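Engineer: Single-letter residue listing:
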Amino acid sequence: MTSYFIQAFIYLCAAVIAVPIAKRLGLGSVLGYLIAGVIIGPITGIVGSETATIQHFAEFGVVMMLFLVGLELEPRMLWGMRHRLIGLGGLQVGITTLLVFGANVGFGLDWRIALTIGLIFSLSSTAIVLQTFNEKGLTKRDGGRAAFSVLLFQDIAVIPMLALIPLLALPDLVTSIETVATSAEHHEEINLVAHLPNWAYGLVIVLAITAVIIGGRYLCHPLFRIVAKTGLREIFTATTLMLVIGIAALMSLVGLSPALGTFLAGVVLANSEFRHELESDLEPFKGLLLGLFFITVGAGIDFSIIWKNLSLVLSLTLGLMVAKSVVLFALGSLFKLKGADRWLFTLSLAQAGEFGFVLLSFTIQHHALPMDLAQLLSPVVAFSMFLTPALFILFDQVIVRRYEKQKIDREADAIDEEGPVIIAGIGRFGQIVNRLLVANGVKTVVLDHSVSMVDTLKKINIKSFYGDATRPDLIHTAGIEQAKLLVVAIDDRHRTNDLVKYVKQTHPGVKILARAYDRAHAYELQNAKADSIIVETYYSALEAGAEALRQLQFHPFKVEQLKRVFVATEKERHDTLFNTWREAEGENRFGSNYVQLFLELEKALAEAMKKDRDAGHSRSERGWTPPPKQYQGELD
Amino acid sequence: MAAMLKKQKILLLFAHPAQERSEVNIHLYNAAKKVEHVTTVDLYHEYPAHHIDVDKEQQRLREHDVIIFQFPLYWYSTPAILKDWQDLVLEYQFAYGKGGTALKGKIFLCALTAGGSESAYCSGGYNHYTLRELLRPLEQTANFCHMRFIAPFALFGARTAVEEDLLTQHIEDWKKLLNALSEQRLDLEQAAQLTRVNENLDALIQETV
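Heads up: the protein sequence lines correspond to chains A and B, in order.
Here my numbering is used: the first residue of the first sequence is 1, the next is one more, and so on.
Here my numbering is used: the first residue of the second sequence is 1001, the next is one more, and so on.
Simulated from the structure, these hints should not be mistaken for lab results.
Note that the structure is predicted; figures quoted are calculated from it, not measured.
Virtual Cβ for every residue (Gly too), placed ideally from N, Cα, C.
Please note that the accuracy of each hint is not assured.
No more than 27 Å apart at the CA atoms, straight line, and that leaves these computed lysine-lysine pairs for DSS-like [said to hold, decoys possible]:
(1) Lys-1175/B - Lys-1098/B
(2) Lys-603/A - Lys-1104/B
(3) Lys-1007/B - Lys-511/A
(4) Lys-1007/B - Lys-1034/B
(5) Lys-558/A - Lys-1056/B
(6) Lys-1033/B - Lys-1098/B
Using C-beta positions, here's what the derived DEER-type ranges look like [said to hold, decoys possible]:
(7) Arg-1159/B - Phe-590/A: 54 to 64 Å
(8) Ser-1077/B - Pro-508/A: 40 to 50 Å
(9) Tyr-1074/B - Asn-527/A: 39 to 49 Å
(10) Glu-570/A - Glu-1046/B: 39 to 49 Å
(11) Gln-482/A - Pro-1048/B: 49 to 59 Å
(12) Asp-1053/B - Ala-584/A: 28 to 38 Å
(13) Val-1162/B - Thr-537/A: 40 to 50 Å
(14) Asn-527/A - Glu-1046/B: 23 to 33 Å
(15) Leu-605/A - Arg-1159/B: 26 to 36 Å
(16) Tyr-1074/B - Thr-537/A: 34 to 44 Å
(17) His-476/A - Arg-1159/B: 25 to 35 Å
(18) Thr-1160/B - Leu-98/A: 51 to 61 Å
(19) Glu-607/A - Pro-1048/B: 26 to 36 Å
(20) Val-1162/B - Arg-82/A: 28 to 38 Å
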């Protein structure tokens, strides 16, 4: 036990130190983990051979990542970007693979090895690129969006690659290793299908995949509902983990890739109202396991091989990046990316990516690459990732400047690309807000913590997600980073306040519209810096008052004016009342001072409605007032 | 000498109820925002429910020397909010009547777009009257409030102005006019006589020394 603690401590410690430093230097977290691994592995030698065992365990992070990738693949979104996804992404992966394949065959490598390397190098680093895009605000640029579709295609392309690579195994490598391994490791793998005839094997695979799809579609929903109704968060997390691990186990049992199975399950659940909750539950596990995976990759780098072949590794890195850039630039031109955007597209995707490491370790397992070659390729992937921040700096400093000069100063578009509006709470209040927005083509993400509410809304075609919006991680997966506006319409006033405070602190750029229970709550929300505050009963009560006046035979147009004066007078006094409330302490906030001021407000209201102004007219009658009867005499 | 004169402050009151469909006015309005000494007010933006703040509007009028109504011509008149604005803001004892001299000596003009061609706006055309004649209620309002009315800055055939490539020149003229007004380089005597001020704008503007 003690040794496990010590090991876990070493890994966590390395990550905690290296990752923040790497992020500060603009290198991104993936490189931070790699550096941490290099430091505790080859450089200081604190950890040793056990990394290989840990790596197998950490690979489960990849399985989770693919589940999350699947979860993100909403069919509608995919359809919207189909041209770029398939055209741009497909061509990028295809051409790059072919180019690398051709070069390798030219170097005299076996065609299977050449193809495997081509597949590995065709991928770019989703983690580094998307993170940098977010940090630098490049997601909305055309080049950024094109890069995103390519990255998405690559993430999906990993699935068939995982299926393809075992077929590319080198026969002599397999036999030489298996003769060594069979006696030692035979008992470790449980496999239900090893001794089945081919037709039965095929049948089992079809059955397993069908089970995942049907289970995901029809069993998960009631299961999650029952679990969500218990209100126990950890049980929901446990259910999520159970699902992912269960599918991984099933896939391994029938000899399929666990990543493929969980990816499928993710796609099946992408339309579910539990999506955001699932994402935020798995995110920390995935992050840590992937981090661990990259640390083990770093720890496993053999520096003696790199030193011996330093010039080869460096020239391979440069050659790879140049080749990828050329392909990207050509595709950028073909797909009509212009100016700085074409360069952004080219430079941002010129590296190999973290999936490269995943595939490398996968190829070794499946004997598709000899160990020493993989040891040589791993640093190439790492180096190209190290160079990526430099390319972004090149883009910022040189390319943007060059093109910004040429840009003519055109009028800003009246409505630019809208981020989504997040609506927290879809009760009586949130529903109306949502309907008005959606009817006008505004994209909303709706969250509610009541499963029955989410179900009810489904019946009237309002799409909402289950989850407690006051949890930071959930508001994060709902997309608060890109959101323009957050509408807080949840019942609990303390949670409303907490949510407003949290979002204002972490994302000051997001405007917040908050629903207040009453006047005091409105003050609390103003204190929490909400941008707009609507007291839930104010306008309906005002309208009821107006209706009462109309029933009393006041002229409807006059009633509109009176209503307006009422609102305007309240508004005039608002700040004074708020400040009095704020300066008072604790329970006594509506003490004598406040009551005094409120009485003054009531007086002012009555005056505004009745009292004559200098010209002899009440304020409410000020509009459309004729001059006094004798006025003609005053004119010359 | 002209350069020594005090800069005149211009208040541009813009009234367009369907700005998302505007092809000319919105560009004029945006161009005016960038001209010095011009205060721009989008009335439909500020008062979406027509609840005009009379005190605020009167204060704005006091602080400016040139008042411009900018609008597309609706039934030979302004869009509704500008009529509301007149009815509410131009109060007795503010704009007219006993002690009502707040607007005295200020320059008033309309910047407007009309769908019909210039030839339609004459006794022989289908609109029967010239634009200047149709704007008489506004001219008399200005007179009644002791302001100096000058001929409108008008664009005819506005529905096809973009297609006929008239917009760029019109915006240039507009900026020229606003600058000339703020620098007091516009010949007001002549400008009061014309049918529209942009008939021959350059002739009305003195060059700076």
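Engineer: Decide, hint by hint, whether the structure agrees.
Structural biologist: Results of checking the hints against the structure:
no.	hint	verdict
1	Lys-1175/B - Lys-1098/B	37 Å, violated
2	Lys-603/A - Lys-1104/B	37 Å, violated
3	Lys-1007/B - Lys-511/A	39 Å, violated
4	Lys-1007/B - Lys-1034/B	16 Å, holds
5	Lys-558/A - Lys-1056/B	22 Å, holds
6	Lys-1033/B - Lys-1098/B	36 Å, violated
7	Arg-1159/B - Phe-590/A: 54 to 64 Å	59 Å, holds
8	Ser-1077/B - Pro-508/A: 40 to 50 Å	46 Å, holds
9	Tyr-1074/B - Asn-527/A: 39 to 49 Å	46 Å, holds
10	Glu-570/A - Glu-1046/B: 39 to 49 Å	19 Å, violated
11	Gln-482/A - Pro-1048/B: 49 to 59 Å	28 Å, violated
12	Asp-1053/B - Ala-584/A: 28 to 38 Å	31 Å, holds
13	Val-1162/B - Thr-537/A: 40 to 50 Å	48 Å, holds
14	Asn-527/A - Glu-1046/B: 23 to 33 Å	28 Å, holds
15	Leu-605/A - Arg-1159/B: 26 to 36 Å	48 Å, violated
16	Tyr-1074/B - Thr-537/A: 34 to 44 Å	39 Å, holds
17	His-476/A - Arg-1159/B: 25 to 35 Å	49 Å, violated
18	Thr-1160/B - Leu-98/A: 51 to 61 Å	54 Å, holds
19	Glu-607/A - Pro-1048/B: 26 to 36 Å	27 Å, holds
20	Val-1162/B - Arg-82/A: 28 to 38 Å	34 Å, holds
When the structure is compared with the earlier hints, violations turn up for hints 1, 2, 3, 6, 10, 11, 15, 17 and for no others.
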